[in-house]
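Here is how the chains run, residue by residue.
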Amino acid sequence: KAGVTQTPRYLIKTRGQQVTLSCSPISGHRSVSWYQQTPGQGLQFLFEYFSETQRNKGNFPGRFSGRQFSNSRSEMNVSTLELGDSALYLCASSLGPPDEAFFGQGTRLTVV
Amino acid sequence: AQKITQTQPGMFVQEKEAVTLDCTYDTSDPSYGLFWYKQPSSGEMIFLIYQGSYDQQNATEGRYSLNFQKARKSANLVISASQLGDSAMYFCAMREGVNQPAGATNKLIFGTGTLLAVQP
Numbered sequence: 003k004a005g006v007t008q009t010p011r012y013l014i015k016t017r018g019q020q021v022t023l024s025c026s027p028i029s030g031h032r033s034v035s036w037y038q039q040t041p042g043q044g045l046q047f048l049f050e051y052f053s054e055t056q057r058n059k060g061n062f063p064g065r066f067s068g069r070q071f072s073n074s075r076s077e078m079n080v081s082t083l084e085l086g087d088s089a090l091y092l093c094a095s096s097l098g099p100p101d102e103a104f105f106g107q108g109t110r111l112t113v114v
Numbered sequence: 003a004q005k006i007t008q009t010q011p012g013m014f015v016q017e018k019e020a021v022t023l024d025c026t027y028d029t030s031d032p033s034y035g036l037f038w039y040k041q042p043s044s045g046e047m048i049f050l051i052y053q054g055s056y057d058q059q060n061a062t063e064g065r066y067s068l069n070f071q072k073a074r075k076s077a078n079l080v081i082s083a084s085q086l087g088d089s090a091m092y093f094c095a096m097r098e099g100v101n102q103p104a105g106a107t108n109k110l111i112f113g114t115g116t117l118l119a120v121q122p
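Taken in sequence, the protein lines are chains A and B. Going by the working numbering, the first sequence opens with residue 3, and the numbers climb by one from there. Going by the working numbering, the second sequence opens with residue 3, and the numbers climb by one from there.
Same shape as in the complex, but just chain B (with noise of 0.2 Å):
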């Protein structure tokens, strides 16, 4: 069955360092597509990141990159140099059946989110 799992509740990390937010999925469909996105307090879901289980390379977008280990079903998100304007909720989330016109979806399945604490 399609799941999306995030074991760590909540995380600290120091301004300007590097965090990573683990994420793993379980799927029978060899055709996904695997995203991030970050909410703060506000509610607003913001895409950060995409990794279609096709790409050969990790995805990056500036301070944010997708660490994708296929044979291990995982898709950790790094960011960066934190900033405190990173402190939210992250959630990670998948797709299916991403390379299939006919019968594509936008149904995401999401993670139960990690609490990202960025301390000063």
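One chain only, chain A, in its complex shape (with noise of 0.2 Å):
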């Protein structure tokens, strides 16, 4: 059974500039989150998709939004990129809350 695959693995953006990351979940999950992890703040929580509909959000500026798809895959957007966004962009699947949830490999975003 395949885990959770996030795409690209790495990232290399430009300040100002706008980035998609993407999330697939276990087949059969229908619950993604996604979490952002820098040195400074640790693992914050940025929000949380079941069936399609934002369930929860964190405390992050408009620039960051998320959706999710039909077939559960989720993808998250940046958009007017700064220095302080550079982080490791975790994703999370679970059948859906509150079960378990399973991590994925992360993309790591750096902004120069």
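FYI, nobody ran anything at the bench for these hints, they're computed from the structure. Since the model is a prediction, treat every value here as computed from it, not as a measurement. Check each hint, because a few of them may be wrong.
As the list claims (entries may be wrong) - List time: in silico BS3-like cross-link candidates among lysine-lysine, alpha-carbon distance up to 30 Å:
#1 K59/A - K72/B
#2 K75/B - K59/A
#3 K5/B - K59/A
#4 K5/B - K75/B
#5 K75/B - K18/B
#6 K5/B - K72/B
#7 K15/A - K59/A
#8 K72/B - K18/B
Said to hold, decoys possible - DEER-style ranges, computed between Cβ atoms:
#9 N73/A - K5/B: 34 to 40 Å
#10 S33/B - T112/A: 36 to 42 Å
#11 A119/B - Q19/A: 33 to 39 Å
#12 Y56/B - R11/A: 37 to 43 Å
Note that beta-carbon positions come from the ideal geometry of N, C-alpha and C, so glycine has one too.
Mind assembling these two chains? They're in different frames, but the hints should get you there.
Written out as structure tokens, the structure reads:
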């Protein structure tokens, strides 16, 4: 059974650009959550989707957005990138809340 | 306010010895779950063990056990017989409202982590 797949694994972008990260959950899982991990702030919750609906949102500016498709795959978008957006972005999937979450390997974004 | 505290930034342990990683939490929700994850240098978060707030017994999973002291709001991870492959970052995390299906969420609140180094 395939795990959570995040693409791309590594990304370098320039300040002001926008970026889209993708997450394919484990087959059958309908819940996807996103987290940002930085050395300074640690792991912070971004948002959570279940059956294409955003159920919960963390304390991030509106530049951070996401969506979930009918096949449960999810994307997150960051517009007008800032240097501080450099981080490891982790996606987690589960059958549905509050089941155990399985994480992907993350997308490491570097903003220069 | 909901919070997870891990006071040990780094720990050393000799191979084959046991080690305890500390975690304290704060929540006003009577229904919550506590998790431990391992994060190797590759970045993936690997689930280790789970303890529900209403569970009567401490959780165990192979070499991992969770020392749950509800009154002290602590959920320490014990790794027995440490192996070189256990060297990684370890995160304690909490989820609230685990017994409320209507308002259930997968949102996890993480501690700052403990970097464990197992020495041969």
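Hint check results:
For a cut-off of 30 Å, the pair hint linking K59/A to K72/B stands: about 28 Å separates their Cα positions. The hinted pair formed by K75/B and K59/A meets the criterion: a straight-line CA distance of about 26 Å does not exceed 30 Å. Straight-line distance between C-alpha atoms of K5/B and K59/A comes to about 17 Å, which keeps the hinted pair within the 30 Å bound. Between K5/B and K75/B, the direct Cα distance comes to roughly 11 Å. Compliance with the 30 Å bound is thereby established for this hinted pair.
With a C-alpha separation of about 29 Å, the suggested pairing of K75/B with K18/B holds against the 30 Å cut-off. Pair hint K5/B plus K72/B holds up; C-alpha atoms about 15 Å apart against a cutoff of 30 Å. Between K15/A and K59/A the CA atoms are separated by roughly 25 Å; this keeps the pair inside 30 Å, and the hint holds. At most 30 Å may separate the alpha-carbon atoms for a hinted pair to count; K72/B and K18/B meet this at roughly 29 Å.
Restraint check, N73/A to K5/B: a C-beta distance of roughly 36 Å satisfies the suggested window 34 to 40 Å. Evaluation of the 36 to 42 Å hint for S33/B and T112/A yields a pass: the beta carbon distance comes to about 40 Å. The hinted window of 33 to 39 Å between A119/B and Q19/A holds, with their beta carbons roughly 38 Å apart. In this structure the hint that Y56/B and R11/A lie 37 to 43 Å apart at CB holds, the actual value being about 39 Å.
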